[in-house]
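If you read the sequences in order, they're chains A and B. Reading the first sequence from the start, the letters are residues 1 to 327 in the numbering used here. Reading the second sequence from the start, the letters are residues 1 to 482 in the numbering used here.
No lab work stands behind these hints, which were simulated from the structure alone. Check before you lean on any hint, since a few could be wrong.
[To be verified] List of simulated lysine-lysine pairs, DSBU-like, C-alpha gap at most 35 Å:
no.	chain 1	residue 1	chain 2	residue 2
1	B	123	B	294
2	B	270	A	264
3	B	46	A	115
4	B	46	A	127
5	B	270	A	115
6	A	126	B	46
7	A	121	B	186
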Amino acid sequence: MLSRVADSLYWMSRYIERAENNARIADVNLQLLLDLTNQRDADPQQQWDPIISSLEENELFASLYEAPSGQAVIDFVSLQKKNPNSIFSCLSRARENARTTREQISSEMWEQINKLYLFVKSDSAKKLVRTSPYEFFKRIITGSHLFQGITDATMTHAEGWDFIRIGRLLERADCTSRILDVKYHILLPSGEKVGGNVDTIQWMSVLKSCSALEAYRKVYVGQVAPWKVAEFIITHSAFPRSIRFSVDCFDAALHHISGSNESKYANEAERLSGRLRSDLDYVTIGDIFKIGLHEYLEQIQERLVEISDAMHSSYCAETTLENVVTG
Amino acid sequence: MRDFFSGYDVGDFFDEMFAAPGVVRPHYNKLFERFKEMERDEFERKRELAASTFLSQGVTFTVYNDDQGTERIFPFDLLPRIIPAEEWELIERGLVQRITALNLFLHDIYHTQNILRDGVIPKQIVWEAAHFRPEFMHFDVPRNIYIHICGTDLIREEKGAYLVLEDNARCPSGVSYVLENRQTMKRTFPSLLAQYRVRPVEDYSQELLNVLRYIAPGGKSEPTVVLLTPGVYNSAYFEHSFLARSMGIEIVEGRDLIAQGGKVFMRTTKGLKPVDVIYRRINDDFLDPLVFRKDSGLGVPGLVEAYRDGNVSLANSIGTGIADDKAVYHFVPKMIRYYLSEDPILPNVPTYLAAVKEDLTYILEHIPELVIKAVNESGGYGMLIGPQATKAECERFREKVRKHPRNYVAQPVVPLSRAPAFCDENMQGRHVDLRPFVLYGEKVTIVPGGLTRVALRAGSLVVNSSQGGGSKDTWILEEEEK
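With the rest of the complex left out, here is chain B (with noise of 0.2 Å):
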């Protein structure tokens, strides 16, 4: 009963902690061990002592159409996710390179659009996409930085290559649960993270107010930093209150802000505060109902000409959301080479186009055999995984695939790698990605780490927190001392 390992099955996929069955990693030794000495009621214990942690600092989210109150805890696995030094400098490099690439695709396609005269990217692929802002054509954002918070998807496959999965461009989440993961771990194992050495996330948030300091109008020394949120209500506001605690900066919904004469301002109980610096955690959509969605109530009315006057700056800039497409995701490995002369690091998934007619057919032909997205959607939204749908549910897709090509693409299903996870009261193995933050300032960094989600259900392949996902504590080992 004690060993919490026995009878953990490897199966056909590529595992994070074991090379073979019962043939464990070497970087994963020292929590092997840790694991044979501990009682099942030790681990009982600091499951409690994590879950209540969570619970009483609030950490949550919120879900939809749910009667049992609208919070609800993002479920932590304590096991740790663990990638040796070497593994993560290979990534780094390779999500270094591709932020550098994104970033120059973005000025590229809102001035000359070399890449689309050059033939590189179909024009249409662009010219169509929803999130191409056309009314931002030639306009120079600050230090010339378009994506300053890049959370990039990263997976496994089968022979535990890494793959980008996807680029979340515009608002990506989740920060916060990597640090709060790492705080939690810290108190349920902090002799085993003292054996091991970790490298720090704890600097991330420093890192972040660097960045949107960077950015300040006409370079202002001393800039007023704010944090734009929907509200209390949206899903992701515990990780907004979080960040502007541990920046130090305010935390303002829309209607704290008022914009005039080209410029905003927060109302404060002394009067209004000139504000420089705005990291909105608000989609462009909803922004400014005077340019974008009249109907939002959540922006500022004002906020995209004081923007463009070059009053207030915004993090992410305004139009990124063409750079995460999933169409367009299908030509970064293309943009890579065009911008940088390099090759791809970090290679992607083999990707469909619907919009292009031999890809169609192929898609039409093969759909219980491949995974189908929405190009605009995320959060596990819009999807549909062919091998576990019914036939009612293919069907479906391949009428929406066939009326609007554009909108979707498809690719072939990854067996995502799988890591030991905490479940019916033994360890099984779940599949896994890593979302890492990328940062882009004066300089690009990444904290060493990310979120490493997990799909609880057993045999699942979406690991979203909106579709019973969870989480672990992501480890980057210092390089080892020769």
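One chain only, chain A, in its complex shape (with noise of 0.2 Å):
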């Protein structure tokens, strides 16, 4: 496959599923809003500066509204073209990928994107984020499952497959690692204690960022405790938005790839993914907690960087001519 092509693919896939993870994080803040209004001391302007730190955008936001309003967030996440990683910025980055390798994706996969491209930019999506954006994320959300879908069910399993799965499971790692530090930046109102009702509140909404509550509460029955939460979320092994999950997952789709052995390497990519992969299947929530969540966090973020820079240069660059490929 051409390495340009690869290169799109990959970030076809990554846009679409950054669009639909910031979908998840605005509307469970949004629903955490609700939930803390009738709270003593709520300050809805604190609860969104967590958002706009996570999404590391702090002065372009201060750039363009006043203050950070309920409204003025929701815009600055799902419609704002100036925000490169906007809900509307990623999927027509994603759409323009796509429609480079149109002879690569099935048509399936290309209308929905496109369905999805357009409906951001129509007007009734600008309605529909003013009157019911709890409905517009979903929609994000919806719409992106049901691509990922296609793309499962309509597309070869073959290279082309796999550079589209490593893009959707390592943004997926990057945003699962970002929603759990947006607690890190929360602070609880003065005078809540952490593990009080409104601590509890916060660590279920993240959870629910991450569609994690229900399979969470199976595995530890009782309460939401930050520690559990962190590491169900870190280091579960078959819970399909955990940190280690889609590291595993984009592991097994270089090996893939490459053809080579799952246990050893054949590029600096499979290197440095493989050993981040068993990092995380023997790290204890103790050991995390010893390092701090969000240094933790942090590292896992640079090393995604990492892996994404080595196979961009193992795949995409440029090629000499030693490597012809006979045939």
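Given two chains presented individually in distinct reference frames, assemble the corresponding complex, making use of the accompanying hints.
Given below as structure tokens:
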């Protein structure tokens, strides 16, 4: 497959996953806001700060809006064209990548991504964001799921599909770590205790962001405790949005592309991803809290960037005449 | 209110559907009957279905300098244009004759130039043509075919005779709309299509692939064929990706290719892979910055060398632009007589060459009655329709023609035939043309049909998509069983 095409498939997939995750974060905070408005001392403005922080776009946000009101944040995350990571921008770029690879993806995939793009571009989307943001986010999330389902059901499970899978899972691992990190930025209202009512609600919202609340309850019967939530979201081996699960899957996809044995590595990307994978296999939540949750998550994000870069140089960077394919 | 055709004005033109007011041509009868029984809202639903199909599939073309986003749907008119078998048979013979002569001309012009020596075409017409490539004199193209894909624009004059308006022998586009339009008609008018015996167009992509494989270097049996596009911002990008997809070949940009040691490779995730045949949708000028335009970022340095070495084949060949030069066009009927000793089956539109002294005088005196065309332009750009132009515009063209006579030709205004199209809530006569696509490989193949373009603006004679044109599905009927 063409290197450029592999790169485009990878980014198409990443941007769709990113749009979905932005919708998740915004949606859950929207709900959280509702939960907390009845609380004493609740400060809605404070509630939105962490989201902006987690998107790492504080300055851009400040330049576009006067104050972080709910409406401003929703606009920033959903349709703001100047925000390179808004749902609109992500889906535009995903579609642009899809457009350059239409001969590789199935028509059904193209129609789905195109439909989603036409939706966020439409006036009805603008209206929906204003009147019922919950429905808007729901539609983005469902649209992304539909795209994944269509991809798995209509595209040959060969190299191109693997690049799509890697893009999705790498982005998901990154986003999940950021969602968990949101909690780090959230300050408890004064007078609230760690482990108190508000704290629990906030941790529950983290789980909801990852569609993980129901799964969590089946594993940990009883209270929602911070370290258990972190343990579940980082290290659960079978929950499809956990960091470990995502890393396991893209590591397998990398090996599927090169054809190398999963216990060995054929290139730098596989070496880095194999190492991250085994770290996640053996790490305990005690180790993580010793390092500091925020610091640990930052490390994960950096390592994901390294893997992405290594993959790019293995498959997509300039090739030379030494490696001509014969036959 | 129900009747779509009540009050339809045939006008002073040849109408594709009506022989006279209220008199339907026999091959349009079934269509007429179908519309008689159709309710307005049924038609509206069909129109919506068609529009949403085009939009969701991204069947779009790009318009430059437009803030409404860069993509637009090519307007589609639901009324098919129907051509009876015997008319198509004539068109087909005419097109085969024409492409055969054009290929012989190209071979001659890049070798011994007998046609110039014998004075059939004035030397300077060829030597001064912008798209003549003297660098390729005495170069032998694979299988001796120059134009593999040709889009010939046909029009009908007031009596209904078909004329050739121009040949597009470089990178003609539009065939993807032929295929998509048919797809849409199958969804919107399945029963009407079944009632008519319409010849299928769906095998175009397979035929094109056959041509491309046929010209592989050294007759290689399993060649790697790619389509070279200028990229996603090109106005015809949808078509490029459509064709690559339906042929199952890679679509590449210049940056995906690398030429070294007289060979061309594409950069893949598994290293460099040799390329044998390139269906290029980039004009000569941009193909290779080492040979043609140095500022071209679209091409591949070294590509031309590989082509010269015979290691990679190109479709169309380099230098075919001389064959669709609008001044050379004037001589195509003469070429047909010269090379084939036959009379042209499809006549030209009479053309005045500003490069010829007597013609120039005539043109300068009659600009308001003529269509003036720049010889190297296409897509409806660089032309003036005298009767519809202002005085100032005529003056501007008069100056241009006087200054650069070789760059201009003039033609009388041909009253193009009209076909009914749905405009302003009713059926109205709109001017149409027809671009069939001719494929030249082991043999000449013409997929029955072509792109019928329609000038949707009332009174307009310009059918180009960049100038407010739309398209129709074109139905070529099977021969009647006797």
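Hints versus structure:
Under the criterion of a C-alpha separation no larger than 35 Å, the hint pairing residue 123(B) with residue 294(B) is consistent with the structure, at around 29 Å. With a CA separation close to 19 Å, the supplied pair residue 270(B) and residue 264(A) stays within the 35 Å bound. Under the criterion of a C-alpha separation no larger than 35 Å, the hint pairing residue 46(B) with residue 115(A) is consistent with the structure, at around 20 Å. The hinted pair formed by residue 46(B) and residue 127(A) meets the criterion: a straight-line CA distance of about 28 Å does not exceed 35 Å.
Taken as a hint, the residue 270(B) and residue 115(A) pair is honoured in the structure, with Cα atoms around 33 Å apart against an allowance of 35 Å. For the given pair, residue 126(A) sits about 28 Å from residue 46(B) by alpha-carbon distance, which is consistent with the 35 Å threshold. For the suggested pair residue 121(A) and residue 186(B), the alpha carbons sit about 29 Å apart, so the restraint of at most 35 Å is met.
Of the hints listed earlier, there is not a single one the structure fails to meet.
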